[in-house]
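Asks: Sequence:
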Amino acid sequence: MNSLPATAGDIYRYVVGVDTQAATHSYAIIEAPNGGLIDQNVFPTSPAGLRRARE
Numbered sequence: 000m001n002s003l004p005a006t007a008g009d010i011y012r013y014v015v016g017v018d019t020q021a022a023t024h025s026y027a028i029i030e031a032p033n034g035g036l037i038d039q040n041v042f043p044t045s046p047a048g049l050r051r052a053r054e
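Residue 52 in numbering that gives the first Met the number 0 is what sits at position 53 of the sequence shown, and the numbering runs on without skipping anything.
If you are wondering where the hints come from, they were derived from the structure by calculation, not from laboratory data. Note that the coordinates shown come from a computational prediction; the quantities given were computed from them, not determined experimentally. For each residue, glycine too, the CB sits at the ideal point set by N, CA and C. Treat the hints with care, since some could be wrong.
[As the list claims (entries may be wrong)] Pair ranges (Cβ atoms, derived):
#, residue 1, residue 2, range
1, I37, A5, 30 to 36 Å
2, S2, A52, 35 to 41 Å
3, S2, T23, 14 to 20 Å
4, E54, P32, 43 to 49 Å
5, R50, I10, 28 to 34 Å
6, G8, S45, 31 to 37 Å
With these hints in hand, go ahead and build the complete structure from the sequences.
Replies: Now the structure itself:
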């Protein structure tokens, strides 16, 4: 009998998603087991915005 493949929630505690666009970069940190949102933010792609994203 075949078992279902593992999901991210079975393996990882958190999942990080990043969406890069020309003017902004967005990120979100999600708790993998239950899908709870830990943090999210949007930063401009300017040098100052990218510095802020790394902090």
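Asks: Each hint: holds or not?
Replies: How the hints compare with the structure:
| no. | hint | in the structure |
| --- | --- | --- |
| 1 | I37 <-> A5: 30 to 36 Å | violated, 21 Å |
| 2 | S2 <-> A52: 35 to 41 Å | holds, 39 Å |
| 3 | S2 <-> T23: 14 to 20 Å | violated, 41 Å |
| 4 | E54 <-> P32: 43 to 49 Å | violated, 28 Å |
| 5 | R50 <-> I10: 28 to 34 Å | holds, 32 Å |
| 6 | G8 <-> S45: 31 to 37 Å | holds, 35 Å |
Checked against the numbered hints given earlier, this structure breaks hints 1, 3, 4; the rest are met.
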